[in-house]
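S.K.: Sequence:
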Amino acid sequence: MTCSEFKELTSALALDALDPDDRAIARAHLAESITHEGCAEALARAEAVARLLSGALIDTHLPDRVWRRIETRLFDRAPRRRWATAAGWA
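The sequence shown maps to residues 69 to 158 in the numbering used here.
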């Protein structure tokens, strides 16, 4: 992995959104004893942004009636058939 490739992944790494293999490769790159091109700094910035994002989210509890309406719309309603399909034209 190059430093440029690593820096492209820093946001996903900071958000723990990489699959285990990619995360291991990225961590291994960071641990390499080479002259990095700002890799640690880029990851530190991405981690700082991730912390800010988590603090910006409001923990909201939706009333049960809202969830029931969502479930009803998703599961209880039969899919609509288009008239052309029903008539055998499509």
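Hints listed in this document are in silico derivations from the structure and should not be mistaken for laboratory results.
Each residue gets a CB set at the ideal place from its N, CA and C atoms; glycine is no exception.
Be careful, since some hints might not be right.
Below are the DMTMM-like pairs computed for lysine to aspartate or glutamate, each with C-alpha atoms no more than 20 angstroms apart in a straight line [said to hold, decoys possible]:
hint: 1; residue 1: Lys75; residue 2: Asp87
hint: 2; residue 1: Lys75; residue 2: Glu109
hint: 3; residue 1: Lys75; residue 2: Glu100
hint: 4; residue 1: Lys75; residue 2: Asp89
hint: 5; residue 1: Lys75; residue 2: Glu115
hint: 6; residue 1: Lys75; residue 2: Asp90
hint: 7; residue 1: Lys75; residue 2: Glu105
Label pairs and their in silico Cβ distance ranges [stated by the list, open to error]:
hint: 8; residue 1: Ser101; residue 2: Leu130; range: 28 to 34 angstroms
hint: 9; residue 1: His129; residue 2: Ala108; range: 34 to 40 angstroms
hint: 10; residue 1: Trp135; residue 2: Ile102; range: 24 to 30 angstroms
hint: 11; residue 1: Ala92; residue 2: Ile126; range: 44 to 50 angstroms
hint: 12; residue 1: Leu83; residue 2: Gly106; range: 15 to 21 angstroms
S.K.: Now, for every hint given, state plainly whether the structure supports it.
M.R.: Verification of the supplied hints:
Our distance criterion of 20 angstroms between C-alpha atoms is met by lysine 75 and aspartate 87, whose separation comes to about 16 angstroms. Between lysine 75 and glutamate 109, the direct Cα distance comes to roughly 9 angstroms. Compliance with the 20 angstroms bound is thereby established for this hinted pair. With a CA separation close to 15 angstroms, the supplied pair lysine 75 and glutamate 100 stays within the 20 angstroms bound. Our distance criterion of 20 angstroms between C-alpha atoms is met by lysine 75 and aspartate 89, whose separation comes to about 17 angstroms.
A distance of roughly 12 angstroms separates the Cα atoms of lysine 75 and glutamate 115; the hinted pair therefore holds under the 20 angstroms criterion. Using a Cα cut-off of 20 angstroms, the hinted pair lysine 75 and aspartate 90 holds, with the two alpha carbons roughly 13 angstroms apart. Under the criterion of a C-alpha separation no larger than 20 angstroms, the hint pairing lysine 75 with glutamate 105 is consistent with the structure, at around 9 angstroms. Distance hint check for serine 101 and leucine 130: the Cβ-Cβ separation is about 50 angstroms, which falls outside the suggested range of 28 to 34 angstroms.
For histidine 129 and alanine 108, the Cβ-Cβ distance of about 39 angstroms falls inside the hinted range of 34 to 40 angstroms, so the restraint holds. Between tryptophan 135 and isoleucine 102 the beta carbons are some 51 angstroms apart, a value that contradicts the proposed interval 24 to 30 angstroms. Roughly 34 angstroms separates the CB atoms of alanine 92 and isoleucine 126, a value that falls outside the hinted 44 to 50 angstroms. The hinted range of 15 to 21 angstroms is satisfied by leucine 83 and glycine 106, whose Cβ atoms lie roughly 19 angstroms apart.
Violated hints, listed in ascending order, are 8, 10 and 11; each of the other numbered hints is respected by the structure.
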